[in-house]
Amino acid sequence: MRDLIVKGGYVYDPLNGVDGERMDIPISGGRVVEKLDEGGAKVIDASGMVVMPGGVDLHSHIAGSKINIGRLMRPEDHRKDVVSRTRLTRAGVGYSCPSTFIAGYRYAQMGYTSVMEAAMPPLGARHVHEELNDTPIFDKAAFTLFGNNYFTLKYVKAGDMEMLKAFIAWMLRATRGYAVKIVNPGGVENWKWGRNVGGLDDLVDNFEVSPRQIITSLARANEELGLPHTIHLHCNNLGVPGNYETTIETMDALGSIKPAGERRNTVHVVHCQFNALDGENWGNVRSGAAKIASYVNGHPHVTLDIGQAIFTDTTTMTGDGPWQFRLHNLTGNKWVNSDVEMEAGAGVVPYTFRENNPANAIQWAIGLELALLIHDPWRVYMTTDHPNGGPFTFYPQVIAWLMSRKARTETMLEAHKACMRRTTLAGIYREYDFGEIATATRAATAKVLGLERKGHLGPGADGDVAVYDIDSTGWRPSMYRDVERAFSRAAYTIKGGEVAVKDGEVVAAPPGRTIWVDAKVPEDAEAELMKDLEAEFRSYYTIGLANYPVQDAYLPHQERAAVDARRGW
Amino acid sequence: MTVFTDVICPFCGCLCDDLEITVEGNKIVRTRNACAISASKYMHHEENRIDGPTVDGKAVGIHEAVDAAAEILASARRPLIYGLSSTECGAVAEAVELAELVGGVVDNTSSVCHGPTILALQAVGESKCTLGEVKNRADLVVFWGCNPAEAHIRHLIRYSGMPRGLFVPEGRKGRYIVAVDVRETRMGRVADLFLKIEPNGDFELLSAIRAAVRGHKIRAETVSGVPRQQIEGLAERMKGAKMGVIFFGLGLTQSDGRHMNIDAAVGLVADLNHHTKFVLTPMRGHYNVAGANTVTAWQTGYPYAVDFSRGYPRYNPGEYTSVDLLARGEADAAVVVASDPAAHFPADAARHLGRIPVVTLDQKVSMTALMSKVVIPVATAGIEAEGTAYRMDGVPIRLRKVIEPHEGVLPDAEVLQMIMYRVRELKEGA
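Taken in order, these protein sequences are the chains called G and S.
If you read the first sequence in our numbering, its first letter stands for residue 993, the second for the next number, and so on.
If you read the second sequence in our numbering, its first letter stands for residue 24, the second for the next number, and so on.
Wrong hints could be hidden among the right ones.
Claimed, not checked - Simulated crosslink set (PhoX-like; lysine-lysine; CA at most 25 Å straight-line): (1) S:81 with S:396; (2) G:1149 with G:1523; (3) G:1146 with G:1512; (4) S:196 with S:240; (5) S:50 with S:265; (6) G:1250 with G:1149; (7) S:265 with G:1149; (8) S:262 with G:1326; (9) S:265 with G:1146.
What the hints assert, rightly or not - Computed, partial: chain G to chain S, Cβ under 8 Å: (10) 1070; (11) 1081; (12) 1123; (13) 1276; (14) 1303; (15) 1322; (16) 1323; (17) 1326; (18) 1328; (19) 1331; (20) 1332; (21) 1499; (22) 1503; (23) 1529; (24) 1543.
I should point out that these hints are in silico values taken from the structure, not numbers from a laboratory.
All C-beta atoms, glycine included, are put in the ideal place defined by N, C-alpha and C.
Throw the hints in and build the complete structure from the sequences for me.
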């Protein structure tokens, strides 16, 4: 591959303390290097443009059974956004449930080079990886669902942390997963009997453990194992007015967990907008964002992503079966439920966020309130929980709202007045600058994920670079439309040292790698675990243990993140 | 002698993964745990094989056959690619790309089996689960318009009838089994309750049960031949179940009402979820028909009947479905992979297949192979080649290879790749 140098752009590289300085970024052998012999290098002229590390999305639903149910059940979604084949790129469909190829192209067109699939049911792991292999350009990883797994519940009930840790390590390896995902802990197991849990101290039927025990045990195990990311938590009571209390209670339950290594955080709370509702019902619902932000500002062990709502027609899909049934009953929209033996569940329901709907207007405001009221940009990240809050293709609009109070005000005036009366958004004057955007969309997300070569442009970093055609020196917040345009179509997206996008068009579609965590535990702990797994698989699974782990054939481009958890076992 | 354990059966949608296959000198000599159909597939898999590639009935080399296939496709204006449910997912992916390349239509066998199930899913959704959920929790199991006792032979043993599950420790005794069909099959005799229903009366009966579940009074003495008391009794039993499931087959999808029948079943199940946990699952026939839908959906957005004539995928069952496309005389060439439409399609459609150049990829001699211009033998996925298959409930499993294919015989995916490579050359050359 030819060496490459990105010349003369305004570089925003927060992890290395670079904030808009004019710098060159030399790339050789797919990595950023200190210096380069410029003679043979391809020169990318970025003068007058913004240069950032490639975007890192830490929570998106792009591959596996859930998004594919969405594709399958929504031909009406595809028909309005079709993509033709070119000599270089595959045909497909877009909008809220894009086909795999199109998801790859469109993320790259926005300058994203790493995307995390946020919920992988273990039994469906092969499906996730097959789809990821058909999703070009960006690097990816998938988070394995643990919060309602039979073995999790069993070991938590027994209070057996050693077995729980060995199980997490084994399961991440078996599914080629990257992080511990928890969705409505306990609630999804109860949903398999048509019930749910109402709070942290409700009990899970037949297992007599509480969501609190599940979450704290998994968080402790996660930190003791020293996994690169914290637990990735979808809280209980999602979408229930008044749920901000459960969210704060959940965060608070994790304050005493000892974080691994140098980090201070022990939990990432996902798409917090859906869990930051105050009020008693949908009639008097109001924002609980200020209370959550105030808690987060005082407690460094929490990170969160906003799950911004977008006013559009989208498809909701979560591992939270009981919530999706509730949403089906709220809306009357078509509903798919999908329970996975021993492990997990899921639901899919189409949904439209409407400007004139007071609850939706409040939800829209909550996401932005969270991003603007939490002071530390290293702990609050931009997502739409694609496609739950809206398709990822709306990120440029979210960036515009974060960077420009004028952009927010214009939307507020269009939307139901509840977003002014029942949230604090109208009183917020903060506007993100380019450096903070770089933090919230790549630097901080890469850091919290523990992806050491992502999210920055220092020597040794992956050669993943986004160049946006906007001059940050002369830019003012009133020019938010320019920001939206620039972030929609990257001037260049460089992936692993190769130009994948030029002037917003895909010019190369390399496959991208899948990163997974291989945590080593003591041999005797693993042996004891296997004994238990063998017996339980024989009795209660419908596939044999021998056929269960994801075979290497499913990861033609893999990167193993090794963790040694044997020390201090 | 080699014994392969934990082998996955590539016959029906059950994808049983506990077979033992004994191989001696590249010959399968024994099977264990396999049902009668599966054992027969393994033991007779050498019989009736296609000897080698042919063009117009004459034996040729693989490259000549691939060239001939590519020329047919490159010059066709409306090519159809069909089948794909009895092969592995890699082949499905290649078929989709080939259709995209030639601007053709790609369709799989669900257009003649559970297509209506998918239409209903697109209209109203569905509540489903993996088969282990049934094994571990279901105390009420309904089989509607299907006969697993004879068609999915180990379904009852492994998943839905006999097994002792986590919360059904009594096994068969812990489950109440209901069969609904137009005649009493073996399934009806195995069930605790058999409801004999008048042909094409499914929609009415489902609607009546749904009404009873909702607490409405049924005035008719019988609905579709089933007495009111039985309907009300079943509704109560459904509401009172700890966890219930309806498995349904072509008796529901291909009788009058078609997707409306599934709509009614989905609606009934959704209503039951206000009382208890209830799900439904289609009994998929071909071992990887679910995979064909799955792959086609992630690559194009649509599960079957996908047309690329405009460069982007479009979907319209009834228009781009194979039977309709052929019966209208629209397709001017066809590639058939792992299927025998000439034997199974309605006469109009089958007759048109005889009028157009057909390329067939299959292991065994079929009606379609006999009338094809180009025939290319392939390795049998799950016996002579690896790959992924999706079980009827959507669980993906990796198929094993237990013997080597004959010299020079390649898997479907590789042959499709070769054809695609050649088509690209022809198109770019022109």
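Going down the list of hints, with the structure as the test:
no.: 1; hint: S:81 with S:396; in the structure: 10 Å, holds
no.: 2; hint: G:1149 with G:1523; in the structure: 18 Å, holds
no.: 3; hint: G:1146 with G:1512; in the structure: 22 Å, holds
no.: 4; hint: S:196 with S:240; in the structure: 32 Å, violated
no.: 5; hint: S:50 with S:265; in the structure: 48 Å, violated
no.: 6; hint: G:1250 with G:1149; in the structure: 21 Å, holds
no.: 7; hint: S:265 with G:1149; in the structure: 23 Å, holds
no.: 8; hint: S:262 with G:1326; in the structure: 22 Å, holds
no.: 9; hint: S:265 with G:1146; in the structure: 22 Å, holds
no.: 10; hint: 1070; in the structure: 4 Å, holds
no.: 11; hint: 1081; in the structure: 11 Å, violated
no.: 12; hint: 1123; in the structure: 5 Å, holds
no.: 13; hint: 1276; in the structure: 25 Å, violated
no.: 14; hint: 1303; in the structure: 23 Å, violated
no.: 15; hint: 1322; in the structure: 14 Å, violated
no.: 16; hint: 1323; in the structure: 12 Å, violated
no.: 17; hint: 1326; in the structure: 4 Å, holds
no.: 18; hint: 1328; in the structure: 5 Å, holds
no.: 19; hint: 1331; in the structure: 4 Å, holds
no.: 20; hint: 1332; in the structure: 5 Å, holds
no.: 21; hint: 1499; in the structure: 19 Å, violated
no.: 22; hint: 1503; in the structure: 14 Å, violated
no.: 23; hint: 1529; in the structure: 10 Å, violated
no.: 24; hint: 1543; in the structure: 5 Å, holds
When each numbered hint is compared with the structure, violations occur for hints 4, 5, 11, 13, 14, 15, 16, 21, 22, 23.
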